[in-house]
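Protein chains in written order, with our numbering: chain E, 27 to 218; chain C, 27 to 218; chain F, 27 to 218.
Keep in mind that the hints were calculated from the coordinates and are not lab data. Misleading hints may appear alongside valid ones.
Identical chains blur together in the list; that is why a pair holds if it fits in one copy or across any two.
Claimed, not checked - Under the rule of at most 25 Å between Cα atoms (straight-line distance), these lysine-lysine pairs were calculated in the BS3-like manner:
#: 1; residue 1: Lys85; residue 2: Lys134
#: 2; residue 1: Lys99; residue 2: Lys59
#: 3; residue 1: Lys61; residue 2: Lys99
#: 4; residue 1: Lys99; residue 2: Lys76
#: 5; residue 1: Lys59; residue 2: Lys85
#: 6; residue 1: Lys85; residue 2: Lys157
Since this is a predicted model, take the numbers as computed values, not measurements.
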Amino acid sequence: MGVVLLVLLLCAGSSIARDVLSPTVDIIAELEKLKHMDERIQKLEETLTKVLSENEDKKVAFSAGLLAFGTEKIGPIGDTKTLEYKKVFSNVGNAYDSNTGIFTAPVKGVYYFRFYGHCHGGTTMAVSLLKNGQNQCSVHSARPASNSNASNGVVLTLEIGDQIYTVLWRNTWVYDDPASYTSFSGFLIFPL
Amino acid sequence: MGVVLLVLLLCAGSSIARDVLSPTVDIIAELEKLKHMDERIQKLEETLTKVLSENEDKKVAFSAGLLAFGTEKIGPIGDTKTLEYKKVFSNVGNAYDSNTGIFTAPVKGVYYFRFYGHCHGGTTMAVSLLKNGQNQCSVHSARPASNSNASNGVVLTLEIGDQIYTVLWRNTWVYDDPASYTSFSGFLIFPL
Amino acid sequence: MGVVLLVLLLCAGSSIARDVLSPTVDIIAELEKLKHMDERIQKLEETLTKVLSENEDKKVAFSAGLLAFGTEKIGPIGDTKTLEYKKVFSNVGNAYDSNTGIFTAPVKGVYYFRFYGHCHGGTTMAVSLLKNGQNQCSVHSARPASNSNASNGVVLTLEIGDQIYTVLWRNTWVYDDPASYTSFSGFLIFPL
């Protein structure tokens, strides 16, 4: 009777389980495989958790206009000046600091930045985007007859902690009012 | 004999399965764990389905030039006018309506928008990007000596149904021709 | 005794496993379900591998300024000229070729491109972005009194191998120097 039971149980896990007369299943191998599944599930759980976590880490984007309210020009002064954009449209991930005008990369990755400067006729406007103090790209408008609108942008690979900001060149001006011209935006395209 | 069978079976699921004289496995616990795996797999399936679904939801992007063909100026007229960009370069997700010039957010998330205006010398151009009727950012060129090229952009957090479009200010002009200057683009950076 | 063993084993996989007097479990169905789990895990592994692979494929982005160093103008010449941007800020995925100025799409998907041109007063600047030789969008500044800053951009759906580049119109100029004005950037928004 014990033998019959064994045959029955050997067959239980097989696709021919109900054919109790064909005990062709290696039940030890079957159970080992099932046991191995636990490790595979754990691996999947870990990888999927990482994917979800990276999807959250990707959520870095900001945009800000120069003035929180009112109408104002910044400059000209005798030195370069970091522009502090005060009207924050969005700042997911809190990587942009409106107190300093500085964006600090929270994750290693590839980012897109763009900025826009506006000035009136007869005044010179020049703004550069810097990475850790190094010029990346610029706009320049030398005493245009009418007002000037200039925007530039760049895709940069950043390490955690890299700082991106824009500076007004010495003796130049930017202007803004409630229509929001002069602005600075950026976002993570993908982490590395 | 039954006892021998039990020992054999108790050992079957263990890494020492072939050592039939070491029945140290708690087969009930082993089978409970295997059963628990079913729930873990189901959880993984649900989460992964959600990740795939979100990856599809992310596919929102459009770009359009002002004119489908030919050469034309829009304005000046005595009122603001929503610009309807007719040459659709791309519109994945169909969130942009070329009949109205309005982009309607299909998912909650963070979006990037940019627009570009072109006018001839001697005419004033002013275009703003609006969210649900509220100004977000603008370009303005007051009767430049030569033609004016101005583009601005912004990163915005939108709820489902929020409407983004550009308006030409009253008594101002934009121009376009087959080279496609004046344009409006946007895309979802990430859902929230 | 064999019967008792069988009852015990029949109960082992059930949530009422320890109640050896309630042998209500269909152990064959239980084992079949466990066996089916193997296929579900394999499916999960394949799908997750695809998600990870697509996340890697998404990593396409580049940005380049016109000049690797120094100060120079390009043009005017009697023919259109593809602009070769030599100062490579980033080129993840190696889709941009600084020898030719051409970006070649490595995956089918939706991409964002933007470019910027700068020229001095009194010179005409006109630059278009082309896809496989077809104009997509342009900037144009006809002999401005002061220098001109113009940037445009577009979202395009590309097939593998589609080529994107910018051309300077015949008899027009662009200028650049170490401040990096004139530039070309692009990135994959999402694959299709």
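Q) Which of the listed hints are broken here? A) Numbers 2, 3, 4, 5, in rising order.
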